[in-house]
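Chemist: In case you want the letters, here they are:
There are 2 protein chains.
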Amino acid sequence: MKLLFIMYDQLRFDYLSCAGHPTIETPNMDRLAAMGVRFTRAYAPSTICGSSRMSFYTGRYTSSHGAHRNNYPLRAGEQTLGDHLRSINYDCYLVGKTHMIMDQAGMARMGIERDSVIGARMAQTGFDVVIRDDGLWPQGVDGVYNQTYSPYNHYLQSKGYDSPNPWHDYANSAVDRDGNILSGWLMTYADRPANIANEDSETPWLTTQFLDWLDEQKGNNHWLCHLSYIKPHWPYIVPAPYHDMYKANDILPANRDVTEQIDPHPVYGGFQQDLIGRTFSDQATREKAIPAYMGLIKQCDDELGRILDHLEATGQIQDTLIALTSDHGDYLGDHWMGEKDLFHDCSVKIPLILFDPRPEADHTRGTTCDALVEGIDLAATFIDATGNPIPDHVIEGRSLLPWIHGQAPDQWRDYAISEYDFAPTEIARNLDLAPRDARCVMVVTKDWKMVHFHGNLPPMLFDLNSDPNELNDLGQNPSHQNIRQQMYTHLQDWGLRMAQRTALSEQDINRMSGQPGRKGVLRGLYDGSEVDPEWIKPIQGKAKIFRPS
Amino acid sequence: MKLLFIMYDQLRFDYLSCAGHPTIETPNMDRLAAMGVRFTRAYAPSTICGSSRMSFYTGRYTSSHGAHRNNYPLRAGEQTLGDHLRSINYDCYLVGKTHMIMDQAGMARMGIERDSVIGARMAQTGFDVVIRDDGLWPQGVDGVYNQTYSPYNHYLQSKGYDSPNPWHDYANSAVDRDGNILSGWLMTYADRPANIANEDSETPWLTTQFLDWLDEQKGNNHWLCHLSYIKPHWPYIVPAPYHDMYKANDILPANRDVTEQIDPHPVYGGFQQDLIGRTFSDQATREKAIPAYMGLIKQCDDELGRILDHLEATGQIQDTLIALTSDHGDYLGDHWMGEKDLFHDCSVKIPLILFDPRPEADHTRGTTCDALVEGIDLAATFIDATGNPIPDHVIEGRSLLPWIHGQAPDQWRDYAISEYDFAPTEIARNLDLAPRDARCVMVVTKDWKMVHFHGNLPPMLFDLNSDPNELNDLGQNPSHQNIRQQMYTHLQDWGLRMAQRTALSEQDINRMSGQPGRKGVLRGLYDGSEVDPEWIKPIQGKAKIFRPS
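These protein sequences, in sequence, are chains X and L.
Under my numbering, the first residue of the first sequence carries the number 10, and numbering increases by one thereafter.
Under my numbering, the first residue of the second sequence carries the number 10, and numbering increases by one thereafter.
Here chain X stands alone, though its shape is the one from the complex (with noise of 0.2 Å):
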């Protein structure tokens, strides 16, 4: 069995086609869908990307691995996708985006060199790396974001882009008559078409840089990839055709009301209040990002059509395991909010897809399942597809190939838990929040979300029944306080939850039962009678004579 693991980043749940949105168009996703089983409320682990990331490549909750927040090191020693599988003899390879910062100092002081093949894959959150680009290369005032190098910079320039730096100046930004630059970071010019062709363009690209790969895999169906896309995540601009395929009639209406700005939760205010979300308030933003955002993600679709084709032309999809999701969602002006960060739906949920070529799936393709289901129960998904047992002293995800061979497990979770750190931010800051208490929590269940925040904040909580739209915060209200008090019965069995014992299975523990008492620990024995004579012989003997009774 092949596996491969389709991410995009920053894609909403509900801006698929077949998620129901109305004005959208994405016959390849839908075709996906219909090969398999859509999963309609798949949570991330995070609502920012290196720590969602780090969540779907260890199946760890953040705050088991440790790595927060964007730019926050994973640990060096945590497991990841990459070490399972490769303990079983499946390869684990990525294509594009991880957002991985290494453990530096924790390598040093474990030896470990970053040129060393442990410490490359170490560093690459157990991948083997056949294009690491994780799709972010602007230049500020204090320099540039990512120091590393970029195989897309590269290839740009190898085919005439001509520029230092032209993932900014073409892939990004459109161009005006004068040739000057009008930089994607600048949403009035997002109706414009990025000046680039389309398939050099960063998704075409990378697609081709995957299906270049598995055209050299022949022999190879022991592997996992991860074909991580950085789009439809910002800048909001995208090359012709796409930049004029959806107009500002076409996006929907934002998901708010003016009840939202009165008296909101600190953090949330905090959020509404700062430049993303105040931009994002305004109508004149969202009718020139939403049609580039949606751009965008019609480009994406057209471009899994292309891998779908070919799986399908070489037989492949018989044998190929597919996920496609994404790292979180966007808040595109919805709650008063860009980008995303806190835990409304579409921040949090994500879209989630899962192909399993097998016959044991046959009888749910095409279905939708509404189970609770989390980013990192992928890791446990992928190492299940491979037959082998899933290690749930180290995975803290779950398996949803039951759901997808119809069986309903016995025991599913009844809460989904999303984190999520703002400690590095304003929001933080004019809060005079330590880094330690800028943190905050989602439990979600069938009928209720509440987001717990450190630092003796107030909780956020929404009647997902009465109030689909989560526009109302009963986090203070009195009468929901029973309601409080089992959220947060949920929030201390997950706090309390074992995640650490990392160096043990449950089964090594089973085999420890009893093993020091027949190896001499003999503890309570009185006269010895106590116990099996067997159990006295190695403590009897004859000695020479020290100290006589």
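Hints are supplied without guarantee of correctness; some may be wrong.
A pair counts as met if it fits within one copy or between any two copies, since identical chains are not told apart.
[Claimed, not checked] Derived DSSO-like pairs: lysine-lysine, alpha-carbon spacing no greater than 30 Å straight-line:
1. Lys11 - Lys528
2. Lys528 - Lys551
3. Lys553 - Lys168
4. Lys546 - Lys168
Derived from the structure by calculation, the hints contain no laboratory data.
Since the model is a prediction, treat every value here as computed from it, not as a measurement.
Let chain X serve as the given structure and place chain L on it in line with the hints.
Modeler: Frame of chain X, contents of chain L only:
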């Protein structure tokens, strides 16, 4: 400043004369208490050797480092006292016991060689080993408990104690007139002298090893030495003259009540009913074992006198900080139990004496402190004593120096935690608990102690004011629902603590604030007028026209 970290094993907090024991005499522990501060409410991180020690050596809770129990490996990558001290140019030495089990799989995964300097330290909880002897060398029907080399057995053999295992046959056994070994495992022999010269028994031998090492340290004032005794841990047998210093009439009545045996908590009932509980519930066992236990403590005290005399004679007492403690206590028949395991005071409370030679500590000498302190506080205390900042993103304990310098910290913890994992026990099997569910955690405040059990078991609760002997379990008493709720709120806060972001400090994060924007991640701009024009310059320029607008 030199750091001397003295640990005994299974020494009860209340078996020091300075702690009020009416019949035992510990003049040298009392002497150290008169020189420093004795903490009267110090709690072990766990009520079993290995996990408690891994917490002392990492400054972290057992559920943070994952080595919950004896013979659970400390996962490769966990930072130890040795890692922290060496990073500030302090050496970190071991003389005695650690009960460390190395994470061989983790080291192999990271390519760390056991015989490299890094590997050797990782395999020894970060210590450089002067002497490593865990003090338990039994042999049973399935062979030996500990396969590693015993320096102590080697020493005894060199002194003519003729046996493949003189640890058992001489140091921990008596002998009859015919030379038959009377094993110390059988407590009926606990009133006899161990068949060994006192100077060759474990506590004096280890003391001599330490003093010999100390004399070689001339000129090196930047070290921590962990002098770690196995005693007064069982087997309960001690050489002359200590074997008859205490008699049955010197022991205290067992702290227990028949009502404790009526419908006890399932786990507590399991420990009452197992062999150890039954044996120690028998007064005959107590009258044999406890005088020997007291003799072992008396021996420890005399050896402490040798150390203090030597430090004073050499003047080193003036620049040596001394911490004296134990890894946990011993039930000795109290509450119808033997051994440790659960969280009654006799098991979870530990002696803790801290001596700081510096003038800042002068005005607290000879006093006691009743603050809630934990074993994990010592790691922070040692680093603080060197004048270096405590890495509080890794070490969860807090420095005790403010207490002994007479400055009560502004915000001290209002609850203390201890944890226990009983997964490989018959008690867990009898209750049909999966390994991950056979765990419990104690939360204690100034007035209350609650024990939470995983696996849907009820809690235990004690009112420390009205029931200081902890004889009345209120864990299911309807009238204490509010108290339990308060205690669970503490447990919830603790469970959600930040414990794994160990690759990034609070200071590192504060330095990250605002960086992405200054490095060109220009989010939330509509036309650029929102920010300093300087920020826009890097995204302006000229480009070749590929797709004219």
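Chemist: Where does the structure disagree with the numbered hints, that is, which hint numbers, in rising order?
Modeler: Failing hint: just 1.
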